[in-house]
Amino acid sequence: MIGAAALALVVAIALMLIRALSGPTLYDRVLAVNSLGTKIILLLGVIGFLTGRPDFLDISILYALINFVATIAILKFFRYRSFQVSLTRRGKDGA
Amino acid sequence: MIAVFLEYWNAFRPAIGSAILLVGAVLAVIGTVGVLRFPDFYTRLHAASVTDTAAATLAIVGMALLAPSLAVVFKLAVVWLFLFLTGPTSSHALANAAHTAGLQPMIGRLGESDGGDE
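Quick note, the sequences are listed as chains A and B, same order. Under my numbering, think of the first position of the first sequence as 65, with each following residue one higher. Under my numbering, think of the first position of the second sequence as 2, with each following residue one higher.
Chain A on its own, in the form it takes in the complex (with noise of 0.2 angstroms):
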C-alpha cells in the first residue's frame, strides 16, 4: 500500500508539470513548482519507508527549505527585477 502511496504521488506530480509548463502566467508556473515540490517532499519521504531507509527524510527537510526559499526569491525578483531590494521597504503603489 506504500507503493501505491508512492505512485499516486508520482501521478500527481506529473499532473502538476503539466500545469508547470503550459501555465498561461507567470504566477501559475510558481505555483505549480512550489506545489511540486511539497509533494516531492512527501515522495522523497515515501520512498525513504519503501526501501527501509528513513535516513531520506534528511534531504526532505532540506528540499523543504529550499523551496520555500525559492518561491518567495523568484516572486521577489519579478515583482521589484532585482534582488538588492528589502523585502519590508513599502513600495510606491501602497502594497
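Among the hints, a few may not be true.
Here are some of the chain A residues that sit facing chain B, going by a computed Cβ distance under 8 angstroms [to be verified]:
1. A76
2. R83
3. T89
4. I104
5. L106
6. I125
7. T135
Per the computed footprint, the stretches of chain B lying under chain A, defined by three or more beta-carbons under 8 angstroms from a beta-carbon of chain A, are [unchecked claim]:
8. 2-11
9. 23-31
10. 42-49
11. 79-87
12. 98-109
Coverage of chain A stretches by chain B, computed from C-beta distances (three or more under 8 angstroms per stretch; other residues unrestricted) [as the list claims (entries may be wrong)]:
13. 90-100
14. 117-124
15. 139-149
Source of the hints: derived by calculation from the structure; they are not laboratory data. These numbers come from a predicted model, not from an experiment. Don't be surprised by glycine CBs; every beta carbon is placed ideally from N, CA and C.
Since chain A is already given, all that's left is putting chain B on it; use the hints.
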C-alpha cells in the same frame, strides 16, 4: 488490558499508517486535478494550497505510524512543522504578488465572463 491494547496497536499500526498515507497521496492527486481544471489563477491557488496542507499532514501522520524509531518521528515532525508554517506563507505571498501585479480574479459565471485572462 494495556498490554493487550499495545499488542493490537503494534499489530495494526503498519496497516493504519499505510491507509492514512494512501489517503494523503490520493488527496494530493485530487488537488492536482483541481489545479489543472480550475479556470482562474486564484481558484487554482485555493485548490493547491488547501489540499497541500491537508495532504502533507495526512501523509506525515501515516509515515509517523510506520516509523521504526522515535528519531524518525521527530524528523517527520520537523518536516510537518516547516510545511505547516511555509505553505500558507508562500500561498499568501503568491496571491499578494499576483494581486499587486494587476492580475484580476475572474468574476461571474463560467462562460459569461470576459474578466479573467484564461
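Agreement of hint I104 of chain A with chain B interface, Cβ distance less than 8 angstroms = violated (11 angstroms)
Quick one: see if chain A covers the segment 98-109 of chain B, three-plus residues with Cβ-Cβ under 8 angstroms.
-> holds (count 6)
Residue hint L106 of chain A, partner chain B, criterion CB-CB below 8 angstroms = holds (5 angstroms)
Examine the segment 139-149 of chain A: at least three residues should have C-beta closer than 8 angstroms to a C-beta of chain B.
-> Satisfied; 3 residues make the cut.
Given hint R83 of chain A near chain B, where the shortest CB pair must fall under 8 angstroms | Since chain B brings a Cβ to about 5 angstroms from R83 of chain A, closer than 8 angstroms, the hint holds.
Does A76 of chain A pass the interface check with chain B, least Cβ-Cβ distance below 8 angstroms?
-> At about 4 angstroms, which falls below the 8 angstroms cut-off, the nearest Cβ of chain B leaves the hint on A76 of chain A intact, so it holds.
Once the shortest beta carbon distance from I125 of chain A to chain B is found, is it less than 8 angstroms?
-> holds (6 angstroms)
Using Cβ atoms only, decide whether T89 of chain A comes closer than 8 angstroms to chain B, and label the hint accordingly.
-> holds (6 angstroms)
At a Cβ distance under 8 angstroms, does chain A reach at least three residues of the segment 42-49 of chain B?
-> Held - the segment 42-49 of chain B has 4 residues with a Cβ nearer than 8 angstroms to chain A, which meets the minimum of three.
Examine the segment 117-124 of chain A: at least three residues should have C-beta closer than 8 angstroms to a C-beta of chain B.
-> holds (count 4)
Are there three or more residues in the segment 90-100 of chain A whose C-beta lies within less than 8 angstroms of some C-beta in chain B?
-> As far as the segment 90-100 of chain A goes, the hint holds, because 7 residues have Cβ atoms under 8 angstroms from chain B.
Count residues of the segment 79-87 of chain B with a Cβ under 8 angstroms from any Cβ of chain A, then say if the count reaches three.
-> Coverage by chain A holds for the segment 79-87 of chain B (5 residues, Cβ < 8 angstroms).
Of the hints listed earlier, those the structure fails to meet are numbers 4, 8, in rising order.
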